[in-house]
Amino acid sequence: MLSEPSIRVLVVDDHPVVREGVVTQLSRHGGIEVVGYAADAAGAVRECARERPDVVLLDVRLPDALAADVVPRLRAVSSSSRILLFTAFPEHAAVAPSLAAGACGLLVKDASGTALRDALREVVRTGSYGGAEPAVANAPVTPREYDVLRLVAFGHTNSEIGEQLGLSLNTVKGYLRNVMHKLDARNRAQVIANARAHGLL
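Going by this note's numbering, the sequence shown opens with residue 423, and the numbers climb by one from there.
I should point out that these hints are in silico values taken from the structure, not numbers from a laboratory.
Even for Gly, the Cβ is constructed at its ideal location relative to N, Cα and C.
Label pairs and their calculated CB-CB ranges: (1) ARG468 <-> ALA615: 29 to 35 Å; (2) ASN609 <-> GLU513: 24 to 30 Å; (3) HIS603 <-> ARG450: 46 to 52 Å; (4) SER550 <-> ALA471: 22 to 28 Å; (5) ALA510 <-> THR548: 21 to 27 Å; (6) GLY443 <-> PRO485: 17 to 23 Å; (7) GLY577 <-> GLY443: 32 to 38 Å; (8) PRO438 <-> VAL530: 16 to 22 Å; (9) GLY452 <-> ARG608: 53 to 59 Å.
Taking lysine to aspartate or glutamate and the DMTMM-like style, the derived pairs with C-alpha atoms no more than 20 Å apart in a straight line are: (10) LYS595 <-> ASP606; (11) LYS531 <-> GLU442; (12) LYS604 <-> GLU513; (13) LYS595 <-> GLU585; (14) LYS604 <-> GLU567; (15) LYS531 <-> ASP436; (16) LYS531 <-> GLU455; (17) LYS531 <-> GLU513; (18) LYS531 <-> GLU544; (19) LYS595 <-> GLU582; (20) LYS531 <-> ASP462; (21) LYS595 <-> GLU567.
Using the sequences and the hints, build the whole thing.
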């Protein structure tokens, strides 16, 4: 009787301890092979294109991008790869946009090795993982406000943000005004700094 092929996993996280911990956890379980690592979005896209893994275990926050921006890029280079978000902050405002962009589910970083193995198997088998629901209601900004905030953090003007999101200039200004009020900021630089302090960027 032939054994099932191993699940091939790409681990994307900027913390070496986390990456090594995942490998250690998965090495205890048969049928799963870590085929690559990446510490940032650029590396993730490059490795995903090269290895075409079954599952990409993707940290929500990377040094050069957030998962909401990375998911479409990963899907573009390897449409068959399933993307499982991996985060210590399930309430992070980036979770909902990342799932909307095509991620298959969310797993918290303090999950046991068995839970990690089971999540990977479920994602491969069903195309989704429902082991954790993002607590979006706890986020200090709405998903749309977060979209605007994210683009502000990447240096886009209000006009550019409007073009990317299909919003009028006044609507963008309104969302940005709401975010600044919620984060107690008086200008764009301060809203970015305060958002980082809140773990939003």
